[in-house]
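There are 2 protein chains.
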Amino acid sequence: MSRIDATHDPALASWVDSANAAGAEFPIQNLPFGRFRRAGSVEPLRIGVAIGDQVLDLREAREHGPWSEDIAELLLPLAQGDLNAFMARGKPARVALRAALSQALRDGSNAQSALTVCLVAQADAVMSTPCSVGDFTDFYTGIHHATAVGKLFRPDQPLMPNYKWLPIGYHGRSSSLRASGHGFVRPLGQTKSDAPEPQFGPSKRLDYELEVGALIAEGNPLGEPIAMAQAEDRWFGLVLLNDWSARDIQAWEYQPLGPFLAKNFATTLSPWVVTAEALAPFRAPFVRPAGDPQPLPYLDSAANRECGGIDITLEVWLQTQAMREQQQPAVRLMQSNFRDAYWTVAQLVAHHSSNGCNLQPGDLLGSGTQSGAAEGQGGSLLELTKGGKQPIALANGETRTFLEDGDTVILRGFCERAGQRRIGFGDCAATLLPAVTHPLSPVGS
Amino acid sequence: MSRIDATHDPALASWVDSANAAGAEFPIQNLPFGRFRRAGSVEPLRIGVAIGDQVLDLREAREHGPWSEDIAELLLPLAQGDLNAFMARGKPARVALRAALSQALRDGSNAQSALTVCLVAQADAVMSTPCSVGDFTDFYTGIHHATAVGKLFRPDQPLMPNYKWLPIGYHGRSSSLRASGHGFVRPLGQTKSDAPEPQFGPSKRLDYELEVGALIAEGNPLGEPIAMAQAEDRWFGLVLLNDWSARDIQAWEYQPLGPFLAKNFATTLSPWVVTAEALAPFRAPFVRPAGDPQPLPYLDSAANRECGGIDITLEVWLQTQAMREQQQPAVRLMQSNFRDAYWTVAQLVAHHSSNGCNLQPGDLLGSGTQSGAAEGQGGSLLELTKGGKQPIALANGETRTFLEDGDTVILRGFCERAGQRRIGFGDCAATLLPAVTHPLSPVGS
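Residue numbers (this note's numbering), protein chains in the order written: chain G, 1386 to 1830; chain A, 1386 to 1830.
Hints may be right or wrong, so weigh each one.
Since the list gives no way to pick out one identical chain from another, each pair is judged satisfied if it fits inside one copy or across any two copies.
As a list, the in silico DSSO-like pairs of lysine-lysine whose alpha-carbon atoms are at most 30 angstroms apart [to be verified]:
id, residue 1, residue 2
1, 1771, 1589
2, 1476, 1536
3, 1589, 1549
4, 1549, 1536
5, 1577, 1536
6, 1476, 1771
7, 1476, 1589
8, 1476, 1774
9, 1476, 1577
10, 1577, 1589
11, 1771, 1577
Calculated directly from the structure, the hints in this document are not laboratory data. Just so it is clear, the structure is predicted and the values come from calculations on it, not from any experiment.
Generate coordinates for the entire structure from the input sequences, incorporating the hints supplied.
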């Protein structure tokens, strides 16, 4: 588990003033990594670290900063734009670079003059996904979500018998992962109503899912599982993840092999990966409710029980096209906490590799929808509207059962604790665009 | 649809003698692509074309051969070891290079002396997967398999209502794809017997699945579906694929999101990708059985009905450790034909992208298990042994319900038609190694 060190000192301030503002997402205690290019540029993606409302360009920083030889070597793959290669270096590299960046960016650092020219305003940066994702796995750790959705289909047995014994997961699609800010078109697909034949056309039940994504640091060779004792150190950091879902396509296609076209048309990631180290002050006990089975030994460790959880407030916000046109801000639809996940990130890593499956640096593990226990804490519209039966009312008089064209959904996440600086994730936002016409094959082609 | 041209002439012979042998897998009419390095070498992978028992090294061939400027340009990514970049060039590039290679390798070619030094014996080449696979999707087009497996779980309704309306598919794992020849360890996992609690340990019901895999050529931008009229030209070629499956892990984990750890510990590919052009003489009508629904318009075209199918004989062979020790050859367990798939490759491409999901060059689409209609034509042990209840007898007196350590499973595939040269796929083989001990987390870690 990551230790608290000098980089976590809540009294630390940065010479980048905006990082010191109350409630800033990216204070010097955070230092998340992202990939960007300057607006209007077509050059290869660069790696940056967010600080206040700025990005420290690590390519420029490596050239201009006063780094030790060791740190300059760690910065090399980052200066080359390859976050995956840095991820593969594992936790010691991450901890060492964090200490050096914290030193260089803090008030009074002698690096200030050299690094000031390496800053890019976030407003001038176009962000990409934080790394190259080889394989994307989506889990189902939100027990309140699984229960609520299960009730819609199986009132008597909302949770499958396996749910409390193993982290349910399935493979997602990597090619359609996009960073916050990329709109996507409403998908077409087959759906089935009460009519005898299915139909093909735009999805009418388009939904979001509020998730957290973990990115893998060091991988494992094929055939060599990662034990719980190592699993905690094998994830690099977390992002927010919107697992857009077409409920009508899903209902028709998912038996017996699971969701496919209902999910793989787009998945949105927040652009900044908040490292395991930045999250260290916000760890929480992993406690199973009384009466629930304890994890089998390969999914259990004392450290995991002690602080396998992570206390992250999660929120979904919605700005409809009407709100945008009337210059009204987004409205918050719900709030939950990642602490309530039924399985910890370390357990996901250990389970995923328990059969010998090889995880690789940059691989993405989604948490599944993180709903809270209470009414109104659903992490998807499917839950908030009781399967589309009870529209929710928005502040401006509009209602929603599922998403409408022009809707922008924004996921937000942050860590807050008394005596700690707030650690933010940045927005994970995307706008639903109207469906395109399908290029049907001409007759006789 | 690929046209028959001079490269398909069954009378064509090569100056590489072994290509002309009766029943050779790789005659001059085939010309499949693969990635290899010379045995003992650690240099980057090279691209080669199989001809008889040799590999034409395309890096050497580009340097030494008498190519036109156009062909030399097409050979550039191949000389650099990047089959994906060549795949992205699409069908015109494939057709042009095939014509040039056919000219250069045929009897009497003036390229013989220059290219002879570019040959590597296949016995001296270590093969890799044919390309880099970004995303792997596995479909379920074998209706006889789906019916047989469905019967084990749902005697009354073996096929789900959606089966005949859309190609069922799910996402697989790319990181654990390996080329023929790579052994893999028996996976550990959670299984559930009649005991109240699940267990963790080596799978006891390990199985193979006989599949065909299609590799994507040109991709499509996110949000832009590929119509049936274009879909046939968007796949590069086919490989054999063994979708190893741990049935006991699968039975416990797969509800409600589909197979996960039961599949992702290993998937084996044949090393040579047989191009769509090489398969052109073996196309077959795509005919729906009387009474079955016709495909919806987005999955239909006249060309697909006319010749969307592909006539490929598929076989599973088994060599147990005892057979190997007694120097007995592998025995054939079954035979089926890819022509019987319920959906064509073009339909898989069109369906997969119908929601806007972006396919990328080198992406892999598995066909699902290709079983025949008759008893004894099951493409997995699950089918041949009726769910593990009726062991099959092997020629040497051994029996099998599921695989045992040391078993080598070999998939074979070939096209044969009167008046045509045989087109082979090469072996897709791998050996099951004993389970490793799981590194359980020490108490108190």
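Outcome of the hint check:
no.	hint	result
1	1771 to 1589	within (16 angstroms within a copy, 42 angstroms between copies)
2	1476 to 1536	neither (41 angstroms within a copy, 49 angstroms between copies)
3	1589 to 1549	between (33 angstroms within a copy, 23 angstroms between copies)
4	1549 to 1536	both (16 angstroms within a copy, 28 angstroms between copies)
5	1577 to 1536	both (21 angstroms within a copy, 24 angstroms between copies)
6	1476 to 1771	neither (43 angstroms within a copy, 49 angstroms between copies)
7	1476 to 1589	neither (45 angstroms within a copy, 36 angstroms between copies)
8	1476 to 1774	neither (47 angstroms within a copy, 49 angstroms between copies)
9	1476 to 1577	neither (49 angstroms within a copy, 36 angstroms between copies)
10	1577 to 1589	within (11 angstroms within a copy, 39 angstroms between copies)
11	1771 to 1577	within (20 angstroms within a copy, 33 angstroms between copies)
In terms of the numbered hints stated before, the structure departs from hints 2, 6, 7, 8 and 9, listed from lowest to highest.
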